[in-house]
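Line by line, the protein sequences are chains A and B.
The first sequence begins at 1 in the working numbering and counts up by one.
The second sequence begins at 630 in the working numbering and counts up by one.
Don't read these hints as lab results, they were simulated from the structure.
The reader is advised that the hints may include incorrect statements.
[What the hints assert, rightly or not] Keeping only pairs whose Cα atoms sit at most 25 Å apart, straight-line, the calculated SDA-like set for lysine to any residue is:
| no. | chain 1 | residue 1 | chain 2 | residue 2 |
| --- | --- | --- | --- | --- |
| 1 | A | 621 | A | 584 |
| 2 | B | 727 | A | 168 |
| 3 | B | 664 | A | 40 |
[What the hints assert, rightly or not] What follows is a list of derived Cβ distance ranges for each label pair:
| no. | chain 1 | residue 1 | chain 2 | residue 2 | range |
| --- | --- | --- | --- | --- | --- |
| 4 | B | 668 | A | 315 | 42 to 52 Å |
| 5 | A | 88 | B | 685 | 45 to 55 Å |
| 6 | A | 228 | B | 676 | 18 to 28 Å |
| 7 | A | 200 | B | 676 | 16 to 26 Å |
Owing to the predicted nature of the structure, the values given are computational and were not obtained by experimental measurement.
In this text, a Cβ means the ideal position worked out from N, Cα and C, and glycines have one as well.
Each chain, letter by letter, is given below.
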Amino acid sequence: LRGTVKKSMRIGYAILRKLPALALNVAAFAQGPPRAALDVDVTGYWSPVLHEDTLERGGGPEIADYGGFALNEAGRLWALSYDPSRLTLRHHQCDAYIMPYQMRAVGNFRMWEERDPHTQQLIAIHVWAQTTEGHRVIWMDGRPHPPAWAPHSFTGFSTGHFVGNALVIETTHLKQGWLRRNGSPESDQATAVEFIVRHGDHLTDTTVVTDPVFLTEPEVRSNDYIRQPGDHHAWLYACDDGEQITGRAPDSVPNYLFGKQPFAREFSQRYKLPLGASLAGAASIYPDFAAKAKQQPESEAAALLQPMPNRPSESSRAQDSEPHDGDIHVFPVRDNIYMLLGDGGNIVVQTGEQGALVVDTGAGALSDKAIAAIRRLSPRPIQFILNTSARADHVGGNAKLGAAGSDPSLPGSFFDLQAPGGATGHQSDPAHNATLIAQNNVVLRLEAAKAPEATIPSDTFLEERRRKFHNGELVEMFHQPNAVTDGDSIVHFRRSDVIVAGDIFNTTQYPFVDLKAGGSVQGEIKALNAILDRTGYEHEEQGGTYVVPGHGYLCDEHEVVEYRDMVVIVRDRVQAMINAGATLPQVQAARLTADYDTRYGANSGSWTTAMFVEAVYNSLKQPPAKSTK
Amino acid sequence: VSVASWDTPQPAIRNSFGGLDFGFQPPPAPGGSLKVVTTKMRPGYLRKNGVPYGAATELTEYFDRFDVPGGDSLLLVISEVVDPEYLNQPFWTSSHFKKQNDASGWNPTPCAAR
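Just chain A, same shape as in the assembly (with noise of 0.2 Å):
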């Protein structure tokens, strides 16, 4: 059992107990008048010490050997549900470290200052990871955490000072990864505070990472360097995704449904351990742990392969990643590209000498304060409309928003004079509203909804795709049949490397696939699909395109790929269930998103993981015609 829990976490409150001197040392979060500090040199060249987990952080640790970790339930079916046949994907291939993982990956580091020219002030500490070229800035200059909505990224955003003898580190906004490479999950919500000590030549780094989502407590390593006289001169990780397995579906996700993991019981019977002392969660961290697993009958243990069942499924415990403060908030994208948080479904706008270019419109409880946020970002009103389905968070300002703007375009043309109720059909004045384009069946439902009609959009298309050039860039709408609904589209921006997804794709919630709307999974997996069909990240799986969800916080592809995986998973637990006769009751009591409900599940409001399921359930069961694989 102790090797199980080597490193993790061990305890000595023995030691501590005599040692109470310790307590003038480092404090990062203690109160009272701050000490004095040593602003430590953490620059040069460093190469990871190993002595003590080559294996760990060399060849891996083993499938299901999560001792010593504080994972809760979703956590624990998450990794046993992990295939690291999952890398084969495209969209994963080139997956960057996340950055708790990235300091315990074999590989050198150089870190080195940024300071202001002319004051000479500390800026930044850089620190450049051999391994899939994690670049890492903290900043030391004490500005702010961005926002809930700003974009993640594999090293996340740190901010650090010196406390005493040792630099503290504090990172928010990281990607979804893993802790360990057995698919030990670390979630988008997770944070981390390191604490860097240095003695003479000897680097250490002790990270603590909190995850609402897959952890009960934090998790604490630490990971030790040594300085090297010099550089190591090989700094690069290219990587290009490519066609590892050719011919495989494009809605396949390698994954092992609940129980159905292989190689679950190898590690404990390869070391004669009680099954339960590997999947104990944080239980396997303290002391006592060892009696109590010798004593854990064979069953008990065998149960925490799959979903307890039976019972109330967790609720998202996901940080909210939109604003609620009555106030519309303005999120920078890329360009003269911008995302209006604050109302509803996020609303995107694209400005330029032609005028505004507007996706979606929220909700419509603060139309007035989006008209004022666009008109600060665009002398020029606002031309065009352009919604991604029919749903109310995203079409509930058309009216105002196109009462505000204007469409120059048509007022004393070839076809308003052809139409004397002018060209755009439902507005008797063109000049005086901007044109609101969808795809035809947003109309439909809009008209069946009974909504007004300065809500329904009065340029409509058909087919696969509608484009238009506007302030110098092509900006296309594709539709997406059965996906959330059976009107939805994506928005690309083509030169601003821009997609807006609308509500098939969320960071908030699973996605709203409204059957009696025509939506379905089928359709929604293809949808997503579309999507990364159109990305490309920067660098090693980030950046690049960005995706502005239906709500939720700016992201590139990593998150559209996550989702995309989810829906899939889900998809296949809910078809194996059908496949053997399974009716809704059973499939629901099954709880088949156990490992994504604290991610994104709710047990009320408007769209709970019951509803989701039952979605799932009824799509396999009755097919749209539409939707393909």
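Assemble chain B onto chain A, guided by the hints.
The following block gives chain B in isolation, referenced to the frame of chain A:
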């Protein structure tokens, strides 16, 4: 035999001129780790698989305490083992300990040969 001291960084070289000091200034308050140097140990093993250390080994430990979010208090112990008999370079490890409120759950028993 263990000898403890505060490991406060000292200037590599001190240059003074006319009462002015141009060298590195260590922090005025204790800001370093608790450093413990242990010698005269009986020979033993570094790992339970038999990796040995000899009688001439010198063990240097650095103790640091960190308070982390959530209220936990951690103790970091960094160890450097220098053994001219069995090692050709220093052996480094770092271990961390979580402070417990009391001794519940921890019931050590004396070692007895059976």
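Tested hints:
A threshold of 25 Å between alpha carbons decides the hint, and for residue 621 of chain A with residue 584 of chain A the separation of about 10 Å falls inside it, so the pair holds. Taking the CA atoms of residue 727 of chain B and residue 168 of chain A, the gap is about 18 Å. The hint holds against a cut of 25 Å. Pair hint residue 664 of chain B plus residue 40 of chain A holds up; C-alpha atoms about 17 Å apart against a cutoff of 25 Å. Range check, residue 668 of chain B to residue 315 of chain A: about 57 Å between beta-carbon atoms, so the 42 to 52 Å window is missed.
In this structure the hint that residue 88 of chain A and residue 685 of chain B lie 45 to 55 Å apart at CB holds, the actual value being about 52 Å. About 26 Å separates the C-beta atoms of residue 228 of chain A and residue 676 of chain B, a value consistent with the hinted range of 18 to 28 Å. For residue 200 of chain A and residue 676 of chain B, the hinted distance range of 16 to 26 Å is satisfied, since their beta carbons lie about 24 Å from each other.
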